[in-house]
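Top line first, the protein sequences correspond to chains A and B.
Quick note, the first sequence lines up with residues 121 to 226 if you use the working numbering.
Quick note, the second sequence lines up with residues 5 to 653 if you use the working numbering.
Quick caveat, the hints were computed from the structure, so don't treat them as lab data.
Each residue gets a CB set at the ideal place from its N, CA and C atoms; glycine is no exception.
Among the hints, a few may not be true.
[Claimed, not checked] Cross-link-like lysine-lysine pairs, in silico, PhoX-like; alpha carbons within 25 angstroms at most: (1) B:K156 x A:K167; (2) A:K197 x B:K287; (3) A:K187 x B:K571; (4) A:K169 x B:K287; (5) B:K486 x B:K630; (6) A:K197 x B:K235; (7) A:K192 x B:K156; (8) A:K169 x B:K601; (9) B:K601 x A:K197; (10) B:K225 x A:K133; (11) B:K590 x B:K571; (12) A:K167 x A:K218; (13) A:K192 x A:K156; (14) B:K138 x A:K211; (15) B:K277 x B:K290; (16) B:K277 x A:K197; (17) B:K219 x B:K247; (18) A:K169 x B:K156; (19) B:K590 x A:K167; (20) A:K169 x B:K486; (21) A:K167 x B:K277; (22) B:K235 x A:K192; (23) A:K167 x B:K225.
[What the hints assert, rightly or not] If we take Cβ atoms under 10 angstroms as the criterion, some of the chain B residues that face chain A in the derived model are: (24) V237; (25) N467; (26) M477; (27) A487; (28) C488; (29) T620; (30) R626; (31) L627; (32) G628.
One-letter residues, chain by chain:
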Amino acid sequence: MVKVPAPIEELIKQEGLEGLIGETHRLTLESLMSGKKTPSEVFEEIKGKYYISTEHQVIRALDQLAKIHCVKEVGRKRTEVFTSPIESVYKITDLGKKLLQSLARK
Amino acid sequence: MEYYGWAGTILRVNLTTGKIMKQMLPKDLAVNFIGGRGFNSKLLYDEVAPDVDPLGPDNKLFFGVGPCAGTIVPSSGRWNATAKSPTTGAYGDGNCGGHWGAELKWAGYDVLILEGKAENPIYLWIDDEDVEIKKAEHLWGLDFWETSDVVKKELGNPEVEVAGIGPAGENLVLTACIMCSYTRAAGKCGMGAVMGSKNIKAIAVRGTKGVRVAKPDELVKVVERGVETLKSVDRWWFENFSKYGTPVFSMMYGHLGALPSYNWREGWFEEYKQLSGEVLLRKYVKKKRSCSGCIFHCSGFYIVDEGIYAGTIGEGIEYEATCGFGSKLGNADLASTCAAKTLCDKYGIDLINCTDTLGWAMECYEEGILTKEDTDGLEMSWGNHESIIEAIRRMAYKEGKFGELLALGSHKAAKKIGKGSERYSITIKGQQMGLVEPRAMWAWGLGFGTSTKGGHHMTAEPNVETFATPEEMERLLGITPKACDRFGWEGKGQLVAWSENMRTVHDSLEMCKYFFRSSPRLYMEFPPNVLTALTGIQWTYEIVLKCGERIYNFEKAFNVKAGLSRKDDYLPERFYKEPYTVGPYKGWVLPKDKYEKMLDEYYEARGWDKKTSFPTREKLERLGLKYIADEIEKVNRPDKVEKGGMAGG
């Protein structure tokens with residue numbers, strides 16, 4: 121199990137995500153360190169790593185990260201590259217940066 | 005026995021003798037097979053010999069609803085029609101939405117069994133306890149919409165729900181399906197032809213009894229919690245599916261290189277964005293509607309008000325129509341796909357089997373195997389939507405030699421004309437395939453191969469492959485995270501076996517599979533919780549999953565007795581040998597050696613013999629199915645006889 125900061129650990133428990141935050145989330149957060157992105161933009165950067173082969177897996181990870189306040193939806197963007205023509209845009213939060221450090225240490 | 009959740013009664017109608025019987029639902033059937041598809045599969049295995057003529061009077065047609073039907077459980081109004089399939093010569097079923105299932109349940113029945121064959125056309129009228137066989141000569145020849153209107157009018161109640169067939173079912177067209185609520189179809193496996201073979205045009209139902217629930221307050225909480233999980237854990241899916249319905253897949257699969265195009269020759273269609281849910285919504289969908297008790301409202305009511313298809317109206321335009329009549333036939337004209345969908349609903353034709361058959365004809369035409377003489381003058385070139393529309397009509401009425409040929413479905417049609425046309429019949433166990441490209445999503449490929457119904461996309465529907473995170477795959481399902489790689493073989497056997505079992509549970513609850521799109525947590529928590537609240541019996545995830553596995557083994561055992569074995573679990577050679585030739589995904593194939601590995605892993609996960617695919621005695625006894633193990637031992641194993649397999653369409 122990854123050791124994560126206490127407030128995040130509490131949120132993970134509260135959202136029923138125990139044991140479900142891992143490498144996919146680390147890769148996603150790492151990608152967001154370089155700026156705000158849509159799921160398809162994150163996917164373009166991390167595809168092929170840790171068996172990630174579709175945008176949906178990134179969307180799922182981002183939804184989970186949003187629930188524990190590690191990313192924040194900051195807008196919407198028309199990309200037309202994916203299933204719905206308009207995608208959410210996410211940025212990493214301070215809590216997300218702490219989680220990334222913990223996941224990276226592992 | 006006092007039932008909660010289940011209605012507690014099986015209605016049996018012998019169409020030869022006119023005898024109508026009501027039987028108490030056996031408790032062991034209820035608790036071991038859940039409902040709907042589960043009940044039907046068990047009853048089919050026990051009551052229908054695997055060597056009967058699918059279109060003869062000895063075949064039976066089972067209609068099953070689930071314990072959730074008619075309650076507040078969301079997306080639960082579905083029903084299953086099951087029989088020996090004339091398409092595959094093996095287990096067959098069609099699963100359908102609409103409002104008919106809830107009505108049958110409110111009338112007090114879990115299962116309706118049709119036996120024998122009526123001497124003249126009839127329809128069945130179920131009005132709570134009162135069940136009547138009525139003459140239907142005046143309905144024979146009408147399309148399904150006309151039939152529904154006439155029946156409702158003569159019964160004097162617009163709230164009567166009608167399931168039935170159109171001209172295709174009457175004419176024993178093998179792509180025929182059973183329809184209900186005007187636009188909902190129990191497609192695949194030729195169930196409409198089975199109904200037509202029994203001379204029964206329609207089943208009208210009105211129920212007023214409601215459903216007894218063991219723990220109503222708990223049920224409300226379970227439903228609220230489930231919907232909340234769906235909306236939060238599966239937020240993207242809930243928002244997009246509610247908005248676009250299944251046409252959301254046009255963009256998804258188009259983008260992923262998984263969009264069957266040009267009769268499955270390609271997985272890439274240049275104009276795929278013209279077939280998107282967004283375009284459909286902007287141009288033709290005027291209103292959103294839903295099946296009984298559904299929270300999504302995925303169904304679009306459409307009107308085409310311009311061009312040569314102006315005046316077309318219909319409902320429930322799905323991805324299978326927009327891309328089946330679209331990319332699969334090289335056609336980017338969205339209005340024509342709406343027109344084709346409406347025609348199929350009226351004629352009672354299954355969209356998927358129809359579009360695959362037309363795709364086969366178009367590729368044969370391109371290759372010179374079929375000529376204008378063979379098509380009675382129709383120009384069957386890619387994208388020729390006017391020919392597509394006309395070919396559907398000829399298929400339904402078996403008009404001319406081309407109509408007669410199309411009515412066989414691509415598998416039997418290819419067998420009939422030969423000349424290398426078999427290569428272009430994209431079928432498994434004689435059944436046409438749903439619309440996901442195996443070369444782009446390998447778990448889907450395996451699921452098509454192993455489906456008990458032949459190339460059926462909804463049997464496994466292993467969305468978890470591409471929607472779940474590797475962490476969820478590993479920690480919730482205990483399957484290697486490698487299974488999340490859509491181009492990898494490892495873990496796919498386990499994943500497909502698990503998906504098939506869970507999807508069987510959904511079909512037995514008769515809940516829509518789209519409620520359980522991608523969240524493993526929802527798969528695991530909702531079915532046992534809802535069953536416990538409904539029935540008052542304690543269910544767990546493990547018990548529910550075992551029920552799914554048990555039901556699936558019944559279907560498999562029926563197929564084994566019908567002569568199917570490992571050789572019938574393969575994909576058409578096209579997917580192994582012919583790479584995409586266009587688009588950004590040029591070169592993709594699903595290598596056969598990798599498919600073999602997935603298949604081996606699948607049989608191992610199922611506890612089935614790898615050589616034959618037969619369920620082992622050990623597995624069957626663990627599921628409490630000793631009598632099936634005894635029967636399977638009497639079947640000639642294909643590895644021990646010179647010539648194995650007698651069915652397969």
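Practice task
Against chain A, run the beta carbon of M477 of chain B and see if the smallest gap drops under 10 angstroms.
Solution key: holds (8 angstroms)
Exercise for the section: Double-check A487 of chain B for me: the hint is only fine if its C-beta lies closer than 10 angstroms to a C-beta in chain A. Expected result: This interface hint holds because 8 angstroms falls under the 10 angstroms limit.
Problem - Hint check: 10 angstroms Cβ-Cβ cutoff, R626 of chain B to chain A - result: violated (29 angstroms)
Exercise for the section: Take the C-alpha atoms of K277 of chain B and K290 of chain B, compute the straight-line distance between them, and say whether it is at most 25 angstroms. Expected result: holds (20 angstroms)
Exercise for the section: Measure nothing beyond the straight line between the CA atoms of K167 of chain A and K225 of chain B; if it is 25 angstroms or shorter, mark the hint as holding. Expected result: Violated. K167 of chain A to K225 of chain B sits at ~39 angstroms, over the 25 angstroms cutoff.
Exercise for the section: Mind checking the alpha carbons of K192 of chain A and K156 of chain A for me, to see if they're no more than 25 angstroms apart? Expected result: Holds, at roughly 10 angstroms.
Handout entry: Satisfaction of hint between K486 of chain B and K169 of chain A, Cα-Cα up to 25 angstroms
Key = Distance ~11 angstroms between K169 of chain A and K486 of chain B Cα, so the pair holds.
Exercise for the section: With a cut-off of 25 angstroms on the C-alpha distance, tell me whether K169 of chain A and K287 of chain B pass. Expected result: violated (40 angstroms)
Problem - Hinted pair K167 of chain A and K277 of chain B, Cα distance within 25 angstroms - result: holds (23 angstroms)
Practice task
Take a quick look at whether K277 of chain B and K197 of chain A sit within 25 angstroms of each other, Cα to Cα.
Solution key: holds (18 angstroms)
Problem - G628 of chain B as an interface hint toward chain A, with CB separation required under 10 angstroms - result: violated (33 angstroms)
Problem - Satisfaction of hint between K571 of chain B and K590 of chain B, Cα-Cα up to 25 angstroms - result: violated (29 angstroms)
Violated hints for the displayed structure, listed by number in ascending order: 1, 3, 4, 5, 7, 9, 11, 14, 17, 18, 23, 29, 30, 31, 32.
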